[in-house]
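Here the protein sequences line up with chains A and B, keeping their order. Each residue of the first sequence is one higher than the one before, starting from 1 at the first, in the working numbering. Each residue of the second sequence is one higher than the one before, starting from 131 at the first, in the working numbering.
Derived by calculation from the structure, the hints in this document are not laboratory data. Careful, some of the hints might be misleading.
[As the list claims (entries may be wrong)] Below, computed lysine to aspartate or glutamate pairings styled on EDC-like, alpha-carbon distance capped at 20 Å:
hint: 1; chain 1: A; residue 1: 96; chain 2: B; residue 2: 311
hint: 2; chain 1: A; residue 1: 96; chain 2: A; residue 2: 34
hint: 3; chain 1: B; residue 1: 307; chain 2: A; residue 2: 34
hint: 4; chain 1: A; residue 1: 100; chain 2: B; residue 2: 311
hint: 5; chain 1: B; residue 1: 304; chain 2: B; residue 2: 230
hint: 6; chain 1: B; residue 1: 307; chain 2: B; residue 2: 230
[To be verified] On the chain A side, residues computed to face chain B include the following (Cβ under 8 Å):
hint: 7; residue: 45
hint: 8; residue: 81
hint: 9; residue: 106
For each residue, glycine too, the CB sits at the ideal point set by N, CA and C.
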Amino acid sequence: MSETITAPATTGEIAPAEHHLLEGASDLEMLPGELHPHPSPFQYVMIAVVLCVITAAEVGAYYLDKSVSKGAITAILVFGAVAKFFIVTGWYMHLKTDAKIFRRFFILGVTGAFFLFTIVLLTLSGLADV
Amino acid sequence: MAQVALPVNHDTDAHAIEHDHHVPSAGVSNTKLAMWVFLSSDCLFFGAFITTYLLYRNRNLTGPTPRSLYNIPFTSVTSFILLMSSLTMVLALAAIQRGDHRRFRVWVLATATFGMLFIGGQVFEFTEFYRQGLSLRTNVSGSIFFVATGIHGLHVTIGIIWLLSLWGMSAQGKLGKENSEAVEISGLYWHFVDVVWIVIFAVVYLIPT
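Please model the complete structure; the sequences and the hints are all you need to start from.
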């Protein structure tokens with residue numbers, strides 16, 4: 001919906017009749033491009049606790065008994081890294097709350113890199129020593 | 131007072147007036163979008179180094195390899211420090227969005243300090259490796275290890291300089307609540323550096339060969 005209001009042309013002052021519009025905007029914390037409010041500081045701290053727990057589990061997996069297969073350890077480490085990756089990008093970098101265009105650009109880069117370098121690894125890993 | 135008629139969309143334009151942001155047709159900040167495009171391209175940049183490490187880690191093994199010299203407890207502590215710097219970064223952003231400049235300076239300085247501790251740890255690690263006979267020229271595995279983690283360290287160093295610049299601007303009163311987007315963009319860069327380390331720590335240091 002579009003309507004017309006009057007606003008100061010050059011001085012930067014606010015016309016008294018329009019104060020209510022600008023005051024209403026200043027009450028909102030969100031900037032253009034943000035779809036939902038960002039997490040609160042308490043939520044940020046809770047997210048950090050989760051990240052620490054996952055990191056501790058990763059380091060613990062590294063020291064698992066040698067009887068545990070390398071495949072299982074690798075799976076735990078990859079899962080931990082992927083989980084931390086999505087937690088940081090989703091909450092700390094606000095991809096979950098910001099406009100979807102940011103998410104699309106980032107996913108484009110991440111998936112592009114993943115597929116490109118998977119192909120490179122599969123193609124070149126069989127080559128002899130250089 | 132001269133006045134001019136402006137069309138107003140209540141959902142976005144009122145914010146633009148309040149925060150003095152130019153809202154392009156996409157409805158998002160151009161600067162923030164540019165940072166996301168840069169970070170997207172940086173995924174390919176770091177992906178190339180990590181892939182090269184995976185390709186060459188078991189080849190041409192003359193002399194010590196990085197894997198034989200890793201000090202996992204030490205690197206775990208520096209990784210934890212970098213992870214916590216992401217927390218202090220978001221707390222700095224939340225503080226400046228509230229207009230709490232004192233706390234913003236505390237958190238942003240804490241973030242930069244954590245970053246410096248991480249870089250200090252990396253310098254210590256590189257020095258230890260060199261003392262034990264692993265240099266850029268020892269073998270391919272060592273070369274790509276130093277280059278990949280060194281490039282990441284360079285990114286962290288750039289981030290530290292950026293954060294200290296923001297701290298200085300805030301201390302001089304040049305960084306107000308209306309400039310919180312500048313802090314958010316530096317935060318995006320900082321978190322990305324953290325995300326890259328999450329991958330490097332798991333793939334380069336922890337995953338068994």
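What hint numbers does the structure not satisfy? No numbers; nothing is violated.
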